[in-house]
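*Asks:* The listed protein sequences derive, respectively, from chains A and B. Numbering-wise (the UniProt record's numbering), the first sequence opens with residue 1 and increments by one. Numbering-wise (the UniProt record's numbering), the second sequence opens with residue 1 and increments by one.
Hints are supplied without guarantee of correctness; some may be wrong.
[Said to hold, decoys possible] Okay, derived cross-link-like pairs now, DSS-like style, lysine-lysine, Cα gap no bigger than 30 Å in a straight line:
no., chain 1, residue 1, chain 2, residue 2
1, A, 77, A, 31
2, B, 283, A, 54
3, B, 283, A, 154
4, A, 77, A, 54
5, A, 318, A, 54
6, A, 184, A, 280
[As the list claims (entries may be wrong)] Reference listing, derived: stretches of chain A covered by chain B, where coverage requires no fewer than 3 residues with Cβ under 8 Å from a Cβ of chain B:
no., segment
7, 107 to 118
8, 131 to 139
9, 164 to 173
10, 187 to 197
[Stated by the list, open to error] Far from chain B by the CB rule (all over 12 Å, computed), these chain A residues:
no., residue
11, 26
12, 27
13, 56
14, 65
15, 95
16, 96
17, 126
18, 241
19, 250
20, 252
21, 272
22, 332
23, 361
24, 381
Treat the hints as calculated values from the structure; they're not laboratory data. Every residue, glycine too, gets a C-beta built ideally from N, C-alpha and C.
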Amino acid sequence: MKATAWMGTDHVKVIDVPDPKLMNARDAIVKISTTAICGSDLHLYHGYIPAMRKGDILGHEFMGEVVEVGPQVRNLKPGDRVVVPFPIACGHCSSCQRGLYSVCENSNPNAGIAEKVMGHSPAGIFGYSHLLGGYAGGQAEYARVPFADIGPLKVPDEIPDDQAVTLADVFPTGYMGAEMCDIKPGQVIAVWGAGPVGLLAAASARLLGAERVIVIDRFPYRLRLAEQHAGAETINYEHTDVLDTLNELTAGRGPDACIDAVGLEGHHGNAAIYAYDRAKQATRTETERPFALREAILACRSGGVVSVIGAYGGVVDKFPMGAFMNRSLTMRTGQCHVQRYTRPLLERIQRGEIDPSFVVSHRMPLRDAPKGYKIFQKKQDECTKVLLKV
Amino acid sequence: MAEPPPRRRADGGHAERRGPDVDHVDGVRLPELDGAPPKNALPRTLGWLSLALGVGALAEPTPLARLTGVDDSPAAVAVIRAVGARELSHGAALVAGRHPGGWVWTRVLGDAMDLTLLGRALAHRRGERRRRLALTTAVIAGITAVDLAVAVAATRARRARDRMIRISLGVTVNRSPADAYRFWRDLENLPRFMAHLESVRADDLRRSHWIARGPAGRHIEWDAEIIDDQPNRSVAWRSLPGAQVPNAGRVRFLPAPGDRGTEVRVQLAYAPPAGSLGRAVAKLFGEEPEQQVRDDLRRFKQMLEAGEVVRSDGSPNGISVRQQVMQRPAQPLPDTRR
Ligand SMILES: [Zn+2]
Ligand SMILES: [Zn+2]
């Protein structure tokens, strides 16, 4: 089969590899119809996530048709059309039973390595390094899906791929970012990052009853999407001071909750600060460039919530702990527990409350994956999200 | 500020540490695991002998001086009293001390002092006194020989215990203690999650035969027996005499607080041999034997909770040690071609 392989920093290639096969009794094989390139795939592309090997198959957002199931999978059968959550979760450990699927205690066969870096191991993730399990990803013609009796959600025929595939990651992740803000009537939510996750976090904040949503980014075309599809006010941080503007928009209070939908590869309007973090990251004395996180903490109203859904990999430098502690802030974080959200969010799509496919800008065949990575990386051609059609 | 609640002692991997409130869960103490002194009664016997001698020397120094043939020396009574005091302190240390083995060496030292004094005295004695003194010297020399043998044996045993590698680890499994016990107690299940075991054959309810996979196709085999079995609570086993790599283990199944299943606490000990087999064993367990056991326990948890050892394209064999070390890229492997 054809698959998109990581060949080194800034280098992906579509190569021929053997088809996957069942390895465990609860596995399924899915013939992929649509898969997506994610912002966090760019972290892999840029070489910031450790434990990648040349030839690793990328992709954690995919959907398709079940073609084979293991003997323990009774809820799916060949022919079912499914979308697959990106965290791999067993469904039976105490984390899974509490709905914390992205910290499943059993799904990372390389948990010992992850423990050395993170203390405890999170769940395995498709196509996301050997640290997180060494699972082949879904930017391919076929994928093996472990614990297929727990993760994949059957998609009704009337829901098109472009909507359904967002349920693998970006829509639930954005939604969880908004949910963690514990939104109450009258509240103002600020979202850093107008990538697919940030846009869907902003739209979800509206669904959950936020009075106003403010989105911060530097690309006018992405800010326009936030205005059009999430009813957001916007700040372009390259032109405006973010903290001043947020204070002005909220009459000095600051947003009630701040969502960091940026993560480790942030950009900053201040060239000196950007250069400092960029240099530390380049010399590996810091693994992140946490501009959005720092700014979200400083901006948030006292007693508010900072909700972190942008991906971080390691250690953050110059974390404003004084502001965080003295102003009674709460931080809530997590890779999305996707399995918890797929069904209720599918129902919201079916009821017409939201069409998450507004984040998709590009559709191209799988063989063009290298081009997809390139234009997404360079934000060429107003690129927000690339879907690969198989 | 409120006083923090007393913390339960952590069950670390260090040799001397033992599990928290679990010591009395089961019936037996295993010296291999619990670091108890060896069942060597000789040091204590010697201690009682020392006490008797010391009391005698202090209470009746003059008859003793006559008996041993040193009575003509003006300092004899004082020396015998001093020797008596020394014997008393050695005796007390040997009988009540925590490491009687070490105290035997101080006895040997005292013996050597006595022999030196006797040798000097012997040079100036004639007739009956010389005869008695020679007899005394012979008796002391005999005692010295016994002391020396005991001291050497005790030191060897201690060294062997120090060389023993002990591992103590726990994992929390979201199943009942009965489920966890049942799976483990069927020893033939162990190779399904213990990476180094090729097979375990249960000969009967107590006896079993174990085969571990070594590097370069080497195998290490031994027989073991279950020495304590408390259904749904604990199992302890030990290799039978003759094992190339003597080992012992115990696993306890304790209800986890807050209804979170079972705390599975494992203690293991093995004595790596010297020579090429020793090197093979060291290679087998890697530089971090604890990591290997932790991975084994993780797979035990996977078996009970997820139903199987979890595999990925990067770790397709699930439990193969080589796979863990030499992980291949996350792409389907040529040998998995359908
Ligand atoms: Zn993603
Ligand atoms: Zn789980």
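*Asks:* Give a verdict on every hint.
*Replies:* Hints and how they fare:
{"no.": "1", "hint": "A:77 with A:31", "verdict": "13 Å, holds"}
{"no.": "2", "hint": "B:283 with A:54", "verdict": "28 Å, holds"}
{"no.": "3", "hint": "B:283 with A:154", "verdict": "48 Å, violated"}
{"no.": "4", "hint": "A:77 with A:54", "verdict": "34 Å, violated"}
{"no.": "5", "hint": "A:318 with A:54", "verdict": "33 Å, violated"}
{"no.": "6", "hint": "A:184 with A:280", "verdict": "39 Å, violated"}
{"no.": "7", "hint": "107 to 118", "verdict": "holds (count 6)"}
{"no.": "8", "hint": "131 to 139", "verdict": "holds (count 5)"}
{"no.": "9", "hint": "164 to 173", "verdict": "violated (count 0)"}
{"no.": "10", "hint": "187 to 197", "verdict": "violated (count 0)"}
{"no.": "11", "hint": "26", "verdict": "7 Å, violated"}
{"no.": "12", "hint": "27", "verdict": "9 Å, violated"}
{"no.": "13", "hint": "56", "verdict": "4 Å, violated"}
{"no.": "14", "hint": "65", "verdict": "18 Å, holds"}
{"no.": "15", "hint": "95", "verdict": "9 Å, violated"}
{"no.": "16", "hint": "96", "verdict": "9 Å, violated"}
{"no.": "17", "hint": "126", "verdict": "9 Å, violated"}
{"no.": "18", "hint": "241", "verdict": "41 Å, holds"}
{"no.": "19", "hint": "250", "verdict": "36 Å, holds"}
{"no.": "20", "hint": "252", "verdict": "34 Å, holds"}
{"no.": "21", "hint": "272", "verdict": "39 Å, holds"}
{"no.": "22", "hint": "332", "verdict": "22 Å, holds"}
{"no.": "23", "hint": "361", "verdict": "28 Å, holds"}
{"no.": "24", "hint": "381", "verdict": "30 Å, holds"}
When each numbered hint is compared with the structure, violations occur for hints 3, 4, 5, 6, 9, 10, 11, 12, 13, 15, 16 and 17.
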